[in-house]
Structure formats: C-alpha cells, structure tokens
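Participant: All chains should be built: construct the whole structure from the sequences, respecting the hints.
If you read the protein sequences in the order shown, they are chains A and B. Numbering-wise (our numbering), the first sequence opens with residue 4 and increments by one. Numbering-wise (our numbering), the second sequence opens with residue 1416 and increments by one.
For the record, the hints were derived by calculation from the structure and aren't laboratory data. Be a bit skeptical, because a hint or two may be false.
[To be verified] Some residues of chain B that are not near chain A, with every Cβ distance over 10 angstroms (derived):
id, residue
1, A1430
2, R1478
3, M1481
4, E1514
5, D1619
6, L1639
7, H1671
8, V1710
[Claimed, not checked] Here are the computed lysine-lysine pairs in the DSSO-like style, where the Cα-Cα straight-line distance is at most 30 angstroms:
id, chain 1, residue 1, chain 2, residue 2
9, B, K1720, A, K214
10, B, K1708, A, K214
11, B, K1708, B, K1720
12, A, K137, A, K192
13, A, K134, B, K1571
[Stated by the list, open to error] Per the computed footprint, the stretches of chain B lying under chain A, defined by three or more beta-carbons under 8 angstroms from a beta-carbon of chain A, are:
id, stretch
14, 1455-1469
15, 1483-1495
16, 1562-1576
For each residue, glycine too, the CB sits at the ideal point set by N, CA and C.
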Amino acid sequence: MATSNNAALFDFLLRLGDDQLVLGQRLAEWCGHGPILEEDIALANISLDLFGHAQAVLNLAGEMEGQGRDADKLAYFREAIEFKNCLLVEQPRGDFAYTIARQIVFSLRAYLLWDELTKSSNETLAGIAGKAKKESRYHVTHASEWVLRLGDGTADSHARLQNALDEVWRFTKDLFATDAIEQQLADQKIIPNLGGLYGKWLTMLQELITKATLRMPDPGMFMQLGGRTGKHTEHLGHMLSELQILPRSYPDARW
Amino acid sequence: MDDAAKLKEFDDRIARGEIFEPKDWMPERLRKQLIRMMSQHAHSEVVGMLPEGNWITRAPSLRRKMILLAKVQDEGGHGLYIYSGVESLGVRREDLIDELHAGKAKYSSIFNYPSLLWSDMGAIGWLVDGAAIVNQTTLAKCSFGPYARAMIRICKEENFHKKQGYEILSTMMAGTPAQRAMAQDSINRWWWPSLMMFGPTDKDSPNSIDLMRWGIKRKSNDDLRQRFIDMTVPQAHAIGLTIPDPALKFNKETGHWEIGPINWEEFFNVINGNGPCNKERIAARKHAHDEGKWVREAAVAYAQKHSSLERRAA
Chain A
4 MATSNNAALF DFLLRLGDDQ LVLGQRLAEW CGHGPILEED IALANISLDL
54 FGHAQAVLNL AGEMEGQGRD ADKLAYFREA IEFKNCLLVE QPRGDFAYTI
104 ARQIVFSLRA YLLWDELTKS SNETLAGIAG KAKKESRYHV THASEWVLRL
154 GDGTADSHAR LQNALDEVWR FTKDLFATDA IEQQLADQKI IPNLGGLYGK
204 WLTMLQELIT KATLRMPDPG MFMQLGGRTG KHTEHLGHML SELQILPRSY
254 PDARW
Chain B
1416 MDDAAKLKEF DDRIARGEIF EPKDWMPERL RKQLIRMMSQ HAHSEVVGML
1466 PEGNWITRAP SLRRKMILLA KVQDEGGHGL YIYSGVESLG VRREDLIDEL
1516 HAGKAKYSSI FNYPSLLWSD MGAIGWLVDG AAIVNQTTLA KCSFGPYARA
1566 MIRICKEENF HKKQGYEILS TMMAGTPAQR AMAQDSINRW WWPSLMMFGP
1616 TDKDSPNSID LMRWGIKRKS NDDLRQRFID MTVPQAHAIG LTIPDPALKF
1666 NKETGHWEIG PINWEEFFNV INGNGPCNKE RIAARKHAHD EGKWVREAAV
1716 AYAQKHSSLE RRAA
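Facilitator: If you want it as structure tokens, here you go:
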C-alpha cells in the first residue's frame, strides 16, 4: 500500500525533529561544565535553538499524523525504536573535541538542509526552515571557529580533534541516509530533492578541515546505519529514560 | 595630596551620592572589599548554574526545558558581567577562579543544597532569585559604577527567573496531590536557606560597616531579609503553600511578618564547607576547569600563531 503524503511527511518530520531534540539534549549536558564560561553560554544557546526547532517541527509532525499528538507527546511518550534521529546525535557528549567534531558535521548539514527546506511547499515547514537556517548559520560559525582553533592550536588539541573526527565519521552516512519516503516527498514537490546535499557538505567540510591542518577521515571506513529506521545504539534508551522520567512517572500531571 | 586628604575627598563624594569608577582613587580597604564581594557574587552565579543545571535534561516539557536552559544560561552571563566588573579593579578572572577552586573564595551558601525534585526549580527561581532581586535592587544604586550598572541589567533578567519559578510552583499546586506534596517539600527545604542568603544578622556581619560607609551596601542584612519575608509570605499563601515556620505571625502594628529563630549554626556550617553539596559543587567546577585546560591552551596558541602570521603578512 502506498504511503499517504501526510504519513510520509510525518516520518520525514520525525527524522528532522528528533535530530534537533536529541542533539539539544546532549548539548544541554554541557551547561555548567564547559571548558570556559563563554562556552557554557554558547553551547546552551545552541541547545536552546535546537529545542526550539524540535518543538516547532514535532508539533507540525503531530498535525500531519492527525492523532492529536503534539511535540511534548512525541518527545516524552515514544520508545527508542520509534525515534528517527540519526545515530550521530545520540552518542554520549564525550570531551570537547568530540562535541566540536559532531557539531561541525551536524550543523553544516543542518544549515544546507534548512536552506533547501525553505523551498518546501508546506508553508509551515518553509517558515520553520527560514528561521532555523539563520540560527544554524551561527552554529556552523561557532563550530568552524573551534575546528580551526583546536586543529591549528596545540599538538594535543590537534590530535584530540583528529581523533574525534575519525570517531564520528562512521555515523556520517547515516546522517545522509535517504529512502523512498524522501523520494516520494520530493516527487510530490513537498520538499526539494535532497540528493545534492552530501556533495556540498563534503566540499565545505574538506575546505575547513584542510584549513585547520587536519586530514579527512578514511573514506573506506565501515559506516553504521539504522537511525532513520529506529535501529539505534544503546545510548538513546538511557538518554530517553532521563528525558522522559517525569511525564512517564506522572502521566496525568500538567507541568 | 596625601592619603588622608584623598580619603576625605572620597568620603565627601560618597556623601554627595556620587558614583565612582575603577580608575578613580579609592581607599585600598574598599578596593579589597569590592574585589571580595563582587568575586563572591560572580562565583555564586557560576556555581549557581549547577543545582538548576541538574534538572535541564529532566524538565517535564519542552517549554519548561527551554525556559530553564535560558535561565541557567543567563546566570552564566551574569557571572561574566560581574567577573568583567571585578577585573576593572586590577585582578584577573583566572586568579579569582583559582581561589574559588582552592576553597579560599566563598560563594552564596544556598547553592550547597541539593536539588532533589522538579519543584526545586520552582523554589529556586521564586525564593533564591527572589532573594537575589531584593539584594541586587539595592546594589543597583550602589556607589561603584561597574557594579551598579551590572546589577541594573541583571535585575531585569532575575525578575523573569523569579516569575518562571513561581509559575512552576503555582502550576504544581493546582495539579495532582503528588505534585502539591512535591511543591510543599521544596518550600520546606528551601525556605530557611533562602532567608540565610541575606547573610548573618547585622551584629555578626563584620564586612558590612565599610561597605555601608562607602555606599556599596545601602541597606542592612536584616532590613533586606525583612523586605523579602514581607513580600514572599503572602505569595506562598496565595497558592496554598505553607511556610515551614510554626512561629510565623503577622504583626498588625508594624505591618511586618515575624519569623522564628534562624538556625545560624547551620548557616556557618555550610559557609565553612560542611553543607550537603559543598564538596560536589567545587569538585564539579574544578573538574570542568581542569578538563577544559587543553581547550583554553589551544585557543591561546591559535591566537598567538595567527596574530604573528598576520603581523608578518602586513
């Protein structure tokens, strides 16, 4: 049976919104624990933007689903296997180098994706994308500056960031994984064709990494897949048990 | 002009209600007191991020999560302003932080209590930020320019913090029996420590004399505490919370709420490092600082490398 456009869009929006939610949660873990006070503030700010995007996108997802679920219901009352975020964002926060490696890989793609989604025929989605694009431009700037500072800083910072880039690289294919649902939405002109994203992303990233005196990770490395179909790493369940504890414990309460 | 004449002139300026700036002459004793007081204040903002940061990942809705995150982020911003203000007196932020980690500098003892329930986010916002506003509103009129200006800006944000805290509690008090019980438990634990935030009673406050003489403190600890009590008790009653003080009563003649005795032994215990979370708070700050050392070194190395490259290119 063919998937209806609304159902396809629901699925697509979960991928988009869950990415924002889960990474927002990981970044929030830095609050009060950053390497310097300015960075506590910057990472909290980025986290806050991501939660804002997640809320808007998941509310729209709920509307598309038509079952009366809003962003909170979707965030707090789904199991790990129902989350559609990519594997990259659910990985533990690691050290600051890992956070920065993940931020540059994720934010650069997010910026390019939002830019495309401003052209969506769904006006709500196009509107969210317009605002998110501006914010994610700042996220790219923030991460890029740290890639340069750590890559071209001390021998220690260079080694740490290189190692972190190599670590996150196996999740990059999952970040761009695409399927029949995206194809259907593109065919129906609901979202633009996203096939060109990866190439643009790779070019921009390569340029930055070279400038930071780092090297690109091994392109032949084995790639982990599964996030978009709910096949997650074990980290997600633990994160959700923390995120969801109150509404799950008191399902009748309003907060 | 000799020091006695300078001091006389300074005293006269203060008496005329003038504001003084970092480059102006000031008594050395006052400079030391200001550094101590402002750095304690900055440390309090930063350590104060921890008990609330403890609940960001567990906030019960996306809206609450964003409000709390924005609030804790504000506290970090306040820390930055005040560190910058105190740096204008000729000290460096790094040295002040080292003193904090070495246990030589103090911070507000309230942050040595644990946040155990979500309703604690309500109690902290309403009581702790509420008490801070009472303190800081008078500091906004103090005689030292950088401090007064920082306080004006900070107070605006603190008002929003207090409001969100009260809203958390009023929503919970209108909720299920379990929620009401949690809200009451939070008030039971945070009420007395928030009264202690104003510091010891006037007769036991050794630093107050100089600070009042030169217009930094404009009201005594006990006056500010009373103002806070008078404001807060009716707010508690309005949403059905009980103040955990059997001696609490309203004096119709004075128009003030009178409280039972404050447990100053507990206060001095917490100040001296024996509160429930003193060790954890400093350990968390120290851990973040130590783990971040390589990052700060990288930023410095990058800046040096690139400024010399730019000089060569020029």
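Participant: All the hints need checking, so say for each whether the structure fits it.
Facilitator: Tested hints:
1. The beta carbon of A1430(B) is kept farther than 10 angstroms from every beta carbon of chain A, the shortest such distance being approximately 37 angstroms.
2. Not every CB of chain A is more than 10 angstroms from the CB of R1478(B) (nearest about 8 angstroms), against its label as outside the interface.
3. At roughly 5 angstroms from the closest C-beta of chain A, the C-beta of M1481(B) falls inside 10 angstroms, breaking its exclusion from the interface.
4. Under the 10 angstroms C-beta cut-off, the non-interface status given to E1514(B) relative to chain A holds; the minimum distance is some 16 angstroms.
5. Residue placement check: D1619(B) keeps its beta carbon more than 10 angstroms from all beta carbons of chain A (closest about 32 angstroms).
6. Interface exclusion of L1639(B) from chain A stands, the closest Cβ pair being 28 angstroms apart, more than 10 angstroms.
7. Annotated as non-interface, H1671(B) keeps its C-beta farther than 10 angstroms from every C-beta of chain A; the closest such distance is 35 angstroms.
8. Here V1710(B) does not stay apart from chain A, with its beta-carbon only about 4 angstroms from theirs, under the 10 angstroms limit.
9. The hinted pair formed by K1720(B) and K214(A) meets the criterion: a straight-line CA distance of about 14 angstroms does not exceed 30 angstroms.
10. Taking the CA atoms of K1708(B) and K214(A), the gap is about 24 angstroms. The hint holds against a cut of 30 angstroms.
11. A distance of roughly 18 angstroms separates the Cα atoms of K1708(B) and K1720(B); the hinted pair therefore holds under the 30 angstroms criterion.
12. Distance hint between K137(A) and K192(A) is fulfilled; the C-alpha atoms sit about 23 angstroms from each other, no more than 30 angstroms.
13. For a cut-off of 30 angstroms, the pair hint linking K134(A) to K1571(B) stands: about 27 angstroms separates their Cα positions.
14. Beta-carbon proximity to chain A at under 8 angstroms applies to 4 residues in the stretch 1455-1469 of chain B; the threshold of 3 is reached and the given coverage holds.
15. For the stretch 1483-1495 of chain B, the stated coverage by chain A is satisfied: 8 residues place a CB nearer than 8 angstroms to a CB of that chain, which reaches the threshold of 3.
16. Closer than 8 angstroms: that is the beta-carbon criterion, and the stretch 1562-1576 of chain B has 0 residues meeting it against chain A, so the requirement of 3 is violated.
Of the hints listed earlier, those the structure fails to meet are numbers 2, 3, 8, 16, in rising order.
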